[in-house]
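**Q** Taking the hints into account, I'd like the entire structure generated from these sequences.
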Amino acid sequence: MENYNEIKINFEKFITTFKTDVNDLEFRKKSFANFISKGFPVSRDENWKYSPLVQDLKKFSQLNYKKSGANILPNALMENFEHYSIIFADGVLILTDSNDAGLVIKKNNSFLKSVKKAGENPILNLNNAFADQGYLIEVSSNISLTKPIVIYNYYSKNFLSNFCSSKNFILLNEKSNVVVYEKTIYDSSIEYLITSNTEIFLAKGSKLKKYDLNCNNKHSTIFNFVKANLDENSELEYFTFSENINSCRDESIINLNGKNCFADVNAIQLLSNNCDHEIKLQINHNEEHTRSSQFVKSALYDSANAIFQGKIFVDSKAQKTDGYQLSKALLLSDNVKFFAKPELEIYADDVKCSHGSSSGSVDEESIFYLRSRGISKEDAKMMMINGFLGEVIEKITEDKFKNIFFKKLSHNYNDD
Amino acid sequence: MIDIKNLRASVDDKEILKGLNLKIGKGEVHAIMGPNGSGKSTLSYVLSGKEGYNVSGEIQFNKKNLLELNAEERAREGIFLAFQYPIEIPGVFTNNFLRTSLNSVRKANGKVELNAIDFLKIIKEKAKELNIGEEMLLRPLNVGFSGGEKKRNEILQMSLLEPSFVVMDETDSGLDIDALKIVSNGVNSLRDPERSFLIITHYQRLLNYIKPDFVHVLSEGKIVKTGDWKLALDLEDQGYGQFIN
Ligand SMILES: Nc1ncnc2c1ncn2[C@@H]1O[C@H](COP(=O)(O)OP(=O)(O)O)[C@@H](O)[C@H]1O
Ligand SMILES: [Mg+2]
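Line order of the protein sequences matches chains A and B. The first sequence begins at 1 in our numbering and counts up by one. The second sequence begins at 417 in our numbering and counts up by one.
One or more of the hints may lead you astray.
[To be verified] Computed list of chain A residues with no C-beta within reach of chain B, every gap over 12 Å: (1) T20; (2) V22; (3) F27; (4) L112; (5) E120; (6) Y152; (7) D187; (8) E237; (9) G374.
[Stated by the list, open to error] The list that follows gives simulated cross-link-like pairs (lysine-lysine, BS3-like), each with its CA atoms no further than 25 Å apart: (10) K377(A) to K527(B); (11) K218(A) to K259(A); (12) K523(B) to K377(A); (13) K8(A) to K117(A); (14) K227(A) to K113(A); (15) K19(A) to K106(A); (16) K66(A) to K218(A); (17) K381(A) to K523(B); (18) K259(A) to K317(A); (19) K207(A) to K107(A); (20) K147(A) to K175(A); (21) K19(A) to K29(A); (22) K377(A) to K480(B); (23) K311(A) to K49(A); (24) K641(B) to K434(B); (25) K175(A) to K400(A); (26) K381(A) to K566(B); (27) K434(B) to K377(A); (28) K434(B) to K407(A); (29) K259(A) to K320(A); (30) K209(A) to K259(A).
Simulated from the structure, these hints should not be mistaken for laboratory data. Yeah, the Cβ is synthetic: ideal placement off N, Cα and C, and Gly gets one too.
**A** Structural data, given as structure tokens:
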């Protein structure tokens, strides 16, 4: 058993300074006790068997929680299209509460009830214990926001802590629509642990498009946990672009609770060097006539490591479920590793579920075809990889963001 | 234009081209006919620089030793292969591919690269001539194209790159008569005293539309008979048997 004394001291310190209500305080203490009783995840645990975090978390037995560093986001990092912004600078939320034409964005110190269940997930327990002030987004019924919301997670060169956690909520009331773009900027070069938990509630007929850009982290270890609950006729379009992420687990649980709701989950892993990125996704079809699609592509260079574990769970009452999953990896060096573990757990009989996974290198015949048209070998390879990943970006239904991610992709190659 | 001497090509231990000789002058159209497996596609690949063959012999192209150039360098020198089976490349859009290709060739030849607008003007016009809809150019390269669309797309690339030596590998196979006419018109409009063609075909049919100056019979990796376009008619009548063994 590891020695968690340092973490305990830190938790005591945190809990005496953080302002929250008595119930939350109790829940945080309970979560911390749960965490301590099990400690960091170990590879014996089936849920963590393939996770890079099992090794990397060992670096953080001395979690040092303190507020520090930047308290602004440099202007140059702001997106130049019109948007509502939510900024975390070195883990500290910078936000002026706003209440504008059906949109509420505010700082939030308390947990919603849905979170407060004793959990099995050790890092989620840690997040429950330590989560600092987060945001809450609420969109009123029948409101379709024209401007997207951009969430900036910025880690500056002055970041001093080695640990930060946040817990956030996105609530869409009936028939509302919003686009949320979340990007993370890592300028710090120290080793730190980030845990985040975003809880999403989609009421009847609402639609959330969430696009995440997570790239170029140097030494941080990251645990992102997203839970989404979808009511009747609601839709979640969720895209994540993970590029050169050193050590990260992106875990999501999506509950399809109402008829005719749809979760469309798409992801790109573009990794080089020793990068290690894990996607763990569980989609629960809890009601009949629900649909889900998972489409993941990975391009791996050098000695990068990518993991995709996607599960489709179909409850016995979820007849007429339509569940789809496809993951494909391009292995661009002999030293990369790609691990895919598709899982189907189906208790209804009238369902349509499929999954597939493949991995391989760039097709030589295609390369020759492009070269025979005067395109250099390097450019041909780049076009192929670009095209391979671009198929995921094609699924984005907002042109503005489709372009942002396509630019990101071509920019990436110009760097090489 | 091109002078091939004692060309041998093998894969692993299997020799496919076994000492092939062929000389094609400027502006000439040559046809190569031959049974399945005689090495026609291999010849087209070896000419266009595909890797994976063990090649010996000589290929002189405009005073250059072609065997020293890789595939993209040959394309930039003016060699073009219309593939028997054009490759489908998901995620790579036809338009972008065509512009990248044209600009790579232009750049290598000291010409300015075309911007998207100028390129679009050119490509639209050429596509129209070949009865290629603009929506086809917005689709991923060859993905979901019919056999005829794929072949027309090959001719489009040819007319865009304006090569000086064109190898066409069974461009006629799988085409109905209308598509065959479109493709042949495309080729005939590119015939030029400065441009030579090597047309590989299985059937005499195509040669009714594109009349060759010479016809060669390829058998077991060698040219075994050469004649004028009437040779194609003989072959159609009597088969290849007479030239083999
Ligand atoms: N890459 C290869 N490896 C092994 N054998 C090959 C390869 N390519 C062609 N061949 C063989 O060489 C012969 C000639 O093939 P090909 O050039 O495709 O003929 P054609 O186009 O005239 O039908 C065939 O027997 C074929 O099986
Ligand atoms: Mg052939």
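**Q** Taking each numbered hint in turn, which are not upheld by the structure, reported in ascending numerical order?
**A** Checked against the structure, the hints that fail are numbers 9, 11, 27 and 28, while the rest are satisfied.
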